[in-house]
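I would like the entire structure built from these sequences, with the hints used as guidance.
Protein chains in written order, with the numbering used here: chain Z, 1 to 286; chain P, 1 to 286.
It is possible that part of the hints are untrue.
One copy or two, either will do: identical chains are not told apart, so a pair holds if it fits within one copy or between any two.
As the list claims (entries may be wrong) - Listed next, the in silico DSS-like pairs over lysine-lysine satisfying Cα-Cα at most 30 Å (straight line):
#, residue 1, residue 2
1, Lys75, Lys217
2, Lys217, Lys279
3, Lys8, Lys87
4, Lys75, Lys279
5, Lys8, Lys279
6, Lys279, Lys87
7, Lys217, Lys8
8, Lys217, Lys87
Please keep in mind that the hints were generated in silico from the structure rather than gathered at the bench.
2 protein chains.
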Amino acid sequence: MDDRELLKVVTEIVGRENTIDDCAVVPCGDQLMVMTTDMLHRTTDFVEGMSDWQIGWMSAAVTLSDIASMAAEPKYLLIAVGLDDWKSLAGVMQGAQDCCRRYGAAIIGGDIDHHGELTVVTTGIGLVDRNRIVRRTGAQPGDLICITGTPGQAQAYLEGYLQYEQALFEPQPRVEEGKRLGMGGVSAMMDDSDGIALSLYDLASVNDCGFSLDSAKLPRPARIPGDQARELALFGGGDYELIFTLPPRRHPVEGVSYTIIGTTIEGNGVLIDGLPLEKRGYQHRW
Amino acid sequence: MDDRELLKVVTEIVGRENTIDDCAVVPCGDQLMVMTTDMLHRTTDFVEGMSDWQIGWMSAAVTLSDIASMAAEPKYLLIAVGLDDWKSLAGVMQGAQDCCRRYGAAIIGGDIDHHGELTVVTTGIGLVDRNRIVRRTGAQPGDLICITGTPGQAQAYLEGYLQYEQALFEPQPRVEEGKRLGMGGVSAMMDDSDGIALSLYDLASVNDCGFSLDSAKLPRPARIPGDQARELALFGGGDYELIFTLPPRRHPVEGVSYTIIGTTIEGNGVLIDGLPLEKRGYQHRW
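Rendered as structure tokens:
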């Protein structure tokens with residue numbers, strides 16, 4: 001059983017509409033409020049060598065990334081910290097606070113608990129105008145498939161390319177890019193934290209179109225042998241780039257650096273160079 | 001080092017204003033939005049014998065209680081579940097869902113993770129009119145000190161009075177009472193989840209008045225010897241009653257059942273029958 005199968009259990013209880021996007025969406029005055037929560041903990045998410053500050057930073061960053069992927073502006077963060085050692089608290093809180101400040105959000109609440117394993121749960125709240133929000137749904141055949149930055153760097157660190165430490169330890173959520181992409185009229189968006197392949201399968205499962213990649217266009221981490229770089233870019237997890245679809249007439253979106261890596265097509269599924277793309281990436285296994 | 005000392009570490013980083021009340025408060029259109037997050041886990045919070053459903057119910061209830069204590073209306077819940085056994089998921093989610101439905105809220109998002117210990121983090125969001133919100137601050141000398149329900153029942157179960165199982169396993173947050181108390185003009189409020197004594201010390205620390213209890217007026221769990229019942233009512237944790245101060249001219253608040261247990265006085269501190277009340281109750285120790 002993997003995360004996506006467990007999600008089905010949840011969907012049956014809370015309904016499908018609340019499990020499609022990276023964030024829940026509710027009205028807030030004239031605007032929309034987006035909300036998301038993420039649980040991270042030592043064994044699974046915090047790599048050996050990370051400082052408490054980096055653990056706090058990453059915990060905030062993954063949540064701000066979900067908000068960015070809806071084209072929303074992060075406003076507030078609540079943080080629950082389960083501590084195996086109380087001496088970690090100041091570092092974790094400072095890292096989360098610095099990340100929030102960097103991206104315009106504020107920590108407004110939290111909880112502290114003693115726990116057998118360092119566990120951090122961040123809940124992020126953002127605001128977005130009703131006509132600017134971007135969801136996972138909305139892609140149309142003929143849209144461009146695009147991605148910010150260079151995917152695969154976080155996983156590259158785990159495979160021994162230590163120059164990519166910062167990509168994994170201090171992810172930079174694409175908050176400003178997300179807002180500009182919302183204004184620029186992208187049709188569907190999510191972050192690629194589980195890797196490009198799984199992200200595209202997620203998009204394919206909620207849109208009435210297929211996704212066709214051109215491997216030659218895929219940005220890859222530099223100074224890594226070709227096959228491995230391609231593997232990392234497609235299947236590596238732990239990145240927080242934005243992957244999105246864009247009607248060709250809206251290209252280019254001003255002020256955002258991104259790469260066109262394919263187009264959406266009639267039909268369904270995910271192809272690379274015309275062949276089915278393997279459906280694998282970062283998933284917890286039970 | 002206890003929870004309240006750890007809170008000082010947090011206060012230095014995120015600022016004091018966000019650590020006083022049970023919830024953070026932010027504007028949302030014409031209203032105020034209150035938000036709170038709680039981490040519960042097997043070792044510390046889920047008593048042996050609780051079902052998965054009860055674990056989910058309790059996890060939602062503690063968060064809804066924080067919202068109730070601000071006189072707000074619970075609207076949304078996000079729930080992050082760290083599972084040591086995926087078979088627990090459906091029960092936990094159903095319990096949380098049933099509790100939310102009972103009190104008018106909806107689960108709108110969440111996260112699932114594999115974890116060495118069952119850990120549930122609930123984040124609750126509520127709405128309240130600007131002129132109805134009640135905070136921990138606002139008490140004035142001469143106010144009545146009041147409490148809903150009968151404190152000490154949850155702790156009574158832990159001390160062998162098994163008839164109080166439901167109080168501990170399926171707490172009923174005072175959502176309707178909270179809203180009516182807000183409309184009824186109470187001056188300060190919180191829930192008593194750490195026990196009456198610590199709750200009053202918390203209120204005393206943020207108000208410019210003292211709190212004087214009359215032990216004869218204190219409701220106590222029935223069919224328990226007198227001294228033990230008094231001890232449970234004052235120092236027992238795990239209840240989710242509302243403890244509040246009320247200007248005498250606003251008494252009685254219509255439609256809410258509560259007991260007057262004392263009055264606020266000039267000065268500071270917490271007294272019972274004229275003597276200082278011991279400052280102890282439910283606190284994690286490190």
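Hint by hint, here is what the structure shows:
no.	hint	in the structure
1	Lys75 x Lys217	neither (35 Å within a copy, 45 Å between copies)
2	Lys217 x Lys279	within (20 Å within a copy, 66 Å between copies)
3	Lys8 x Lys87	between (38 Å within a copy, 13 Å between copies)
4	Lys75 x Lys279	neither (34 Å within a copy, 37 Å between copies)
5	Lys8 x Lys279	within (18 Å within a copy, 47 Å between copies)
6	Lys279 x Lys87	between (41 Å within a copy, 25 Å between copies)
7	Lys217 x Lys8	neither (34 Å within a copy, 51 Å between copies)
8	Lys217 x Lys87	neither (46 Å within a copy, 43 Å between copies)
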